[in-house]
Amino acid sequence: MTSSENCVQVESDGRVRIIRLNRPDALNAFNDEQYDGVTAALSEAADDPDVAVVVITGTGRAFTAGQDLQQMGTPPTYNDGKRHGFTPFIETVEAFPKPLIAAVNGLGVGIGLTLLPHCDLVLMAEDARLRAPFVSLGVTVEAGNSQLLPLAVGWANAARILYTTDWIQAPECLELGLVWKVVASGDLMAETLSIAGRIAAMPVASLVTTKKLLLAARLEGTRAAREREQPAFAALVGGPANREAISAFEEKRDADFTNLAEG
Amino acid sequence: MTSSENCVQVESDGRVRIIRLNRPDALNAFNDEQYDGVTAALSEAADDPDVAVVVITGTGRAFTAGQDLQQMGTPPTYNDGKRHGFTPFIETVEAFPKPLIAAVNGLGVGIGLTLLPHCDLVLMAEDARLRAPFVSLGVTVEAGNSQLLPLAVGWANAARILYTTDWIQAPECLELGLVWKVVASGDLMAETLSIAGRIAAMPVASLVTTKKLLLAARLEGTRAAREREQPAFAALVGGPANREAISAFEEKRDADFTNLAEG
Amino acid sequence: MTSSENCVQVESDGRVRIIRLNRPDALNAFNDEQYDGVTAALSEAADDPDVAVVVITGTGRAFTAGQDLQQMGTPPTYNDGKRHGFTPFIETVEAFPKPLIAAVNGLGVGIGLTLLPHCDLVLMAEDARLRAPFVSLGVTVEAGNSQLLPLAVGWANAARILYTTDWIQAPECLELGLVWKVVASGDLMAETLSIAGRIAAMPVASLVTTKKLLLAARLEGTRAAREREQPAFAALVGGPANREAISAFEEKRDADFTNLAEG
Numbered sequence: 001m002t003s004s005e006n007c008v009q010v011e012s013d014g015r016v017r018i019i020r021l022n023r024p025d026a027l028n029a030f031n032d033e034q035y036d037g038v039t040a041a042l043s044e045a046a047d048d049p050d051v052a053v054v055v056i057t058g059t060g061r062a063f064t065a066g067q068d069l070q071q072m073g074t075p076p077t078y079n080d081g082k083r084h085g086f087t088p089f090i091e092t093v094e095a096f097p098k099p100l101i102a103a104v105n106g107l108g109v110g111i112g113l114t115l116l117p118h119c120d121l122v123l124m125a126e127d128a129r130l131r132a133p134f135v136s137l138g139v140t141v142e143a144g145n146s147q148l149l150p151l152a153v154g155w156a157n158a159a160r161i162l163y164t165t166d167w168i169q170a171p172e173c174l175e176l177g178l179v180w181k182v183v184a185s186g187d188l189m190a191e192t193l194s195i196a197g198r199i200a201a202m203p204v205a206s207l208v209t210t211k212k213l214l215l216a217a218r219l220e221g222t223r224a225a226r227e228r229e230q231p232a233f234a235a236l237v238g239g240p241a242n243r244e245a246i247s248a249f250e251e252k253r254d255a256d257f258t259n260l261a262e263g
Numbered sequence: 001m002t003s004s005e006n007c008v009q010v011e012s013d014g015r016v017r018i019i020r021l022n023r024p025d026a027l028n029a030f031n032d033e034q035y036d037g038v039t040a041a042l043s044e045a046a047d048d049p050d051v052a053v054v055v056i057t058g059t060g061r062a063f064t065a066g067q068d069l070q071q072m073g074t075p076p077t078y079n080d081g082k083r084h085g086f087t088p089f090i091e092t093v094e095a096f097p098k099p100l101i102a103a104v105n106g107l108g109v110g111i112g113l114t115l116l117p118h119c120d121l122v123l124m125a126e127d128a129r130l131r132a133p134f135v136s137l138g139v140t141v142e143a144g145n146s147q148l149l150p151l152a153v154g155w156a157n158a159a160r161i162l163y164t165t166d167w168i169q170a171p172e173c174l175e176l177g178l179v180w181k182v183v184a185s186g187d188l189m190a191e192t193l194s195i196a197g198r199i200a201a202m203p204v205a206s207l208v209t210t211k212k213l214l215l216a217a218r219l220e221g222t223r224a225a226r227e228r229e230q231p232a233f234a235a236l237v238g239g240p241a242n243r244e245a246i247s248a249f250e251e252k253r254d255a256d257f258t259n260l261a262e263g
Numbered sequence: 001m002t003s004s005e006n007c008v009q010v011e012s013d014g015r016v017r018i019i020r021l022n023r024p025d026a027l028n029a030f031n032d033e034q035y036d037g038v039t040a041a042l043s044e045a046a047d048d049p050d051v052a053v054v055v056i057t058g059t060g061r062a063f064t065a066g067q068d069l070q071q072m073g074t075p076p077t078y079n080d081g082k083r084h085g086f087t088p089f090i091e092t093v094e095a096f097p098k099p100l101i102a103a104v105n106g107l108g109v110g111i112g113l114t115l116l117p118h119c120d121l122v123l124m125a126e127d128a129r130l131r132a133p134f135v136s137l138g139v140t141v142e143a144g145n146s147q148l149l150p151l152a153v154g155w156a157n158a159a160r161i162l163y164t165t166d167w168i169q170a171p172e173c174l175e176l177g178l179v180w181k182v183v184a185s186g187d188l189m190a191e192t193l194s195i196a197g198r199i200a201a202m203p204v205a206s207l208v209t210t211k212k213l214l215l216a217a218r219l220e221g222t223r224a225a226r227e228r229e230q231p232a233f234a235a236l237v238g239g240p241a242n243r244e245a246i247s248a249f250e251e252k253r254d255a256d257f258t259n260l261a262e263g
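Protein chains in written order, with our numbering: chain A, 1 to 263; chain B, 1 to 263; chain C, 1 to 263.
Think of the hints as simulated: they come from the structure by calculation, not from any bench.
Bear in mind the structure is a predicted one, so any value in this text is a computation, not a measurement.
What you were told as hints is all true, and nothing was included just to trick you.
Cut-off 20 Å, straight-line C-alpha distance, at most; resulting in silico cross-link-like pairs (SDA-like, lysine to any residue):
#	chain 1	residue 1	chain 2	residue 2
1	B	Lys212	A	Gly154
2	A	Lys82	A	Thr92
3	C	Lys212	B	Arg223
4	C	Lys212	B	Gln230
5	A	Lys181	C	Gly177
6	B	Lys212	A	Pro150
7	A	Lys212	C	Arg223
8	B	Lys212	B	Ala95
9	C	Lys212	B	Ala235
10	A	Lys212	A	Thr92
11	A	Lys181	C	Asp166
12	C	Lys212	B	Pro231
13	C	Lys212	B	Glu227
14	A	Lys181	C	Gln169
15	C	Lys181	C	Ala170
16	C	Lys181	C	Trp167
17	B	Lys212	A	Ala232
18	A	Lys212	C	Gln230
19	B	Lys212	B	Glu44
The whole structure should be built from the sequences, with the hints applied where relevant.
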């Protein structure tokens with residue numbers, strides 16, 4: 001694994017661009033810097049004519065623990081006139097014009113789950129697991145997943161994932177259709193790069209046109225869903241259930257984190 | 001089982017509201033009184049801040065045998081200026097703002113099937129079965145199911161269910177995704193109340209916001225589908241195929257009913 | 001098998017109309033004559049009150065090898081003021097007002113795959129296989145499949161089918177939901193006519209109304225998808241990737257064809 005001081009690592013394998021979430025000590029939780037780093041890396045890959053396919057994965061033991069809770073509901077503090085954080089990130093993901101493959105190398109929480117229905121293919125390590133804890137945190141669904149999650153796994157499974165906030169183990173993720181393939185942890189990147197490489201051998205103009213046409217059939221709905229979600233989410237942030245839930249969740253997350261670190 | 005003179009029984013289990021169709025001698029077939037009773041119970045549960053989740057089930061051996069055929073195409077006879085019957089019922093169901101769980105305790109015919117894609121989760125007794133007999137009755141799909149049934153089970157399965165009007169046994173309902181879980185008949189309410197209770201422990205504001213966001217991504221389409229279905233259905237009621245089919249169906253239903261009563 | 005000089009054979013089995021693609025020496029590849037023949041046969045079946053269900057299948061060893069590549073991007077050469085070829089064909093298919101069943105008797109390439117999500121039910125011979133080679137040909141998705149294919153098989157499977165252009169064997173087609181039933185090759189027509197006959201016994205007015213209502217919930221989207229696809233496809237035809245890919249594909253197809261002929 002290449003070492004890096006950056007919270008996002010970028011490398012290329014032929015025409016495959018690999019973007020790695022790289023805050024392993026924070027289980028790759030998204031702060032604004034990481035959002036902005038991934039957004040920049042995605043935009044660069046979209047514009048680069050030598051990139052045909054993009055893979056997103058995480059370093060260390062997690063895919064991503066999700067939104068950094070300290071930042072929940074906090075507008076970016078930058079004063080540079082640029083847009084930062086979650087919204088530019090998800091706008092870039094939801095309209096990404098090239099095949100986008102996720103390699104879920106470890107636990108995915110929050111955006112670690114809701115990112116996946118934006119990806120064309122998802123491969124997952126057999127010991128990884130996913131969770132959408134929004135409702136238990138006193139908030140609600142995000143990232144266009146009020147449209148995309150039922151499309152990906154059906155209404156009942158989407159409802160159950162969101163309402164119960166249960167952890168979902170890799171085999172169930174596969175059965176639900178939330179991921180396309182589950183592989184042994186040690187084979188994850190090789191398997192991902194194998195399918196990514198086969199796709200990257202295709203004519204880029206045809207890949208881009210096909211991805212844009214697939215997106216065109218749902219993108220208006222995805223954006224409308226996200227635009228309904230944002231004020232609804234914001235209205236719940238800081239309410240009594242959210243405050244109480246975050247305290248409890250942070251305690252539990254710290255315990256989980258300790259267990260993971262020790263496990 | 002609580003005894004009741006009403007065609008709809010309502011009770012609470014913590015923050016779970018249970019609504020039981022209760023015309024067991026008529027296999028819980030919907031007449032206007034039962035439609036209005038369920039509509040009132042749903043509206044009350046939606047408005048009650050102490051209700052987080054609603055369960056709908058039937059008493060006796062059926063979930064519901066569907067629309068009372070004597071009433072098919074007959075406008076309500078009430079003269080009280082209020083709206084009655086099917087339309088207010090389905091309008092209430094299709095936009096229901098809290099998690100709605102069906103416990104299919106026995107046979108479901110007509111609306112006994114088309115109600116299910118409106119529910120967030122459906123549990124089904126292993127000896128129950130479902131049927132959408134509309135086409136064989138000379139009428140057509142209803143209750144927004146021209147949109148919702150393909151979403152729930154895919155186009156081919158929706159088409160086959162509607163075109164053939166075959167009975168669908170519980171294991172196939174599970175395989176198709178028409179129901180979420182099949183359980184032994186004796187465990188149905190315990191399993192249903194277990195998942196309902198786990199969801200009901202979540203913050204109600206988050207559950208309601210999440211349900212409304214999920215609905216927002218499909219509700220306009222559901223309503224448009226239902227509004228196309230209603231005149232198309234009405235145009236077929238009383239036609240020669242409908243008259244002939246109802247006579248034959250009533251004979252068969254009476255025979256089925258006799259078999260069930262004796263079985 | 002009835003012999004025929006026509007590239008489309010039409011026969012009836014009770015209220016079931018059977019349309020057979022009949023250019024077996026060309027693996028039933030579509031030229032304008034075959035498009036026009038199927039379009040005419042479908043229109044006649046739609047208008048005939050004695051036809052309740054339509055089956056489409058192929059003669060010989062292929063379902064259809066797809067668009068005749070010699071004609072790709074070539075406007076029809078007829079000078080009779082009528083519309084010809086692919087567009088009237090797909091417009092007729094996408095809005096077909098009666099149950100439409102495909103019996104995939106052998107390999108299906110291109111429109112041989114993208115036709116299937118337009119059908120209500122698809123039965124497939126166990127030794128048949130399908131492929132959407134558009135991207136490898138330097139072109140893109142067609143026939144409304146930027147909407148329909150994700151609806152039929154989910155986003156990830158649609159993306160993978162289109163991006164990789166891999167052959168899909170019958171068991172995987174079944175698993176993906178691209179087909180409804182896989183049967184032994186020798187049983188294909190008997191099984192198809194069995195389900196077609198059961199549906200054809202239903203009141204035609206109810207079948208037509210039900211099919212139209214099901215279509216109404218997606219048809220606007222299908223047409224919009226197709227109208228986005230057509231200029232995008234045309235913009236890629238004749239480009240360098242397309243020219244190079246067609247040469248390579250034709251060599252490979254000739255080899256495949258030789259293998260099939262010898263196999």
